[in-house]
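**Q** Listed here are the chains, written in short residue letters.
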Amino acid sequence: MSTLSIENISMRFDLPNGSHVQALKNVSLEIKTGELMSVLGPSGCGKTTLLNILAGFLAPTEGQITLNGHRVTGPDAERGMVFQQGALFEWMSVRDNVSFGPRMAGKREKDWAGTVDHLLDVVGLRDFKEKAVYELSGGMQQRVALARCLANDPDVILMDEPLGALDALTREKMQGLVLKLWKETGKTIILITHSVEEALLLGERLLVMAPRPGRVHKEYRLPFAEMGAGRDLREVKKVPDFAAKREEILTMIWDMEEEIMGRTEEAGA
Amino acid sequence: MIILIIYVAIFAASFFVVRFGVRKFRQMNDFTSLKTVTFGDESAVRPDRWASVISVVTIFLIWGAFTGSKWVPIHAPGPFIGDTEFTYTLEAPDGRRDDATVAVRVFTVGETVEDPVVEPGDGFAKNDVLTVGAWRSQLLLMDKNDEVTRDEGAKVIAIDGKPVSDGQTVAVADGTVAVTAKGSLNFAPTKGMQMEPIWLPPPEAVLSRLIEVSKQGYQNFTLWEHLYWSLFRVIVGFALGALVGIPLGYAMGLSDWFRGWFDPIVEFMRPVPPLALIPLVIIWAGIGESGKIILLFLAALWIMTISARAGVSGVAISKVHAAYSLGASKWQLMRHVIVPNSLPEIFTGARVAMGVCWGTVVAAELVAAEKGAGMMIMVASRFQLTDIVLMGIILIGVIGYGIDILMRKAENWLVPWKGRV
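The listed protein sequences derive, respectively, from chains A and B.
All residue numbers in the first sequence are consecutive under this note's numbering, ending with 708.
All residue numbers in the second sequence are consecutive under this note's numbering, ending with 424.
These aren't lab readings, by the way, just hints derived from the structure by calculation.
Treat the hints with care, as some may be off.
Unchecked claim - Heads up, simulated DMTMM-like pairs for lysine to aspartate or glutamate below, C-alpha to C-alpha not over 20 Å straight-line:
| no. | chain 1 | residue 1 | chain 2 | residue 2 |
| --- | --- | --- | --- | --- |
| 1 | B | Lys421 | A | Glu574 |
| 2 | B | Lys322 | A | Asp535 |
| 3 | B | Lys322 | A | Asp453 |
| 4 | B | Lys322 | A | Asp694 |
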């Protein structure tokens, strides 16, 4: 089994005024292939930084990342990313967006056309493939972003609050889609979110991070993702254990936020 | 002043007529009709096409009315044209007085005119004749045929019975008569409220001049050659500016060394109006084609550089990240993400640059040129051919507007995603 391992990562940002921010401190994790992990935490806990390091957009000040035994040194097609706002290329049609990865890899159309059409089917955008992406709604754009990521067949999919900008109903549908894709493709998925509910639904493993310095606060192993795959997510939410976990984690994050507020007040006083 | 009042009156009247007359029976229950004006929201206020049509018609109406155009049914009172007369009373040094009549014929400038024929009359002051062009005035040495002249001490003491002294002006039928300091008379016929063609020709004169110039040409070149040369200079100058400016802008957006090196130059040159460079360009390159193209090149260059730079720097970092994590190489990122992402900015710059180039070429031709739209109106103004000047201005305006429409069409076609992200 190949794994993504995070070995003792620290990240320090030096600010122009001479001070610095410890975004991450001594974070270590081992993520197995096919795992679905959600990451939760108050703002400033370094979860986006962690994702950017995993994607290779940032180099950690200490520690290293290895995927399948080799060290991660920069962005690569083996680690796909889905962004909060889609980050689609609006000068391309839906189909050109989805086939971007294979095309950049120099594959011929006959080699990727089938996969791309299949993925557009899966995300329900078959009839929109020749449309320009700016003609689509926010939810549809995010589905294009998912399909575009999958078309590249990455080993790991990193999602940075991919559903954060969507309305509640679309969001719930998309959560179902993410679960379905995870089950069907067996990809390793790491998903960052602000929503406790989403983290519970979309995480076999749930990582709660704490700020200042950014670190892993607590880790859960949850049954809800398995439960929710191919089922109505609202049923999962009714499970008593779900509500209990949600309360527990919400309280945890609330306490952290309070602590931050308290500290800022002290600093201000 | 009167024209302004009339203009405002037509503006207000047509507003009420269109709003409460024409629109009375039309339903206004869509969302936009309920929208209050939101500042900065362009969609909140849409041009009323009726207003645009009436606006253009009004301009022609006022233009025609105050120039005596045949196209317009109503006119402002025109200048007096025809025959009139006034009398003056001459006093001899010995106290004798005698009246004489001046027969005046006012004619349209440019037409041939014959002097009116009059009897000399009785007494020592003899009747005179005077021809004067409309809008002009004419000095009358009334005593040159009189038996007692001013040199001998004769003096005009009254006009049409009204006593006058030197330097005074009196109103007579269809005009005014001024007594000059030396005692001669100066007749000015009534001007009315219309503009003299030499100041503002009526619209049909401009049109007929346009037809004439387009058939026969002007100053050794046909109209189309004049316009072609102006356009040719703009396009070549703009193309060269874009050819250098866009890569330079890209380099400045991508490399800090290029950015640092060219920033002072670009930021310094940007606020210098291209017109200020005309003297220098003439010194360096003369008044030929190369000088004009260099000028337009400089006019377009900085605008294109800055817009290309903004287009590159404006790419969302998440798009760059997305392309990288989809396996794009640096070169592929450039070709498939950065270049297309910068196109909307570049098109905005191109539209501005074309407008500036068109304005600059006309100005440059005003200064020195053998051919071109600007040269045409400059030469025409030296000969007071106001109709050609107006024709040139209208053509320059129409072409400038046409260029902008074409650029917008090209923009919609080439970068349809502009402003829709």
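**Q** Hints numbered earlier in the text: which of these fail when held up against the supplied structure?
**A** Checked against the structure, the hints that fail are numbers 3, 4, while the rest are satisfied.
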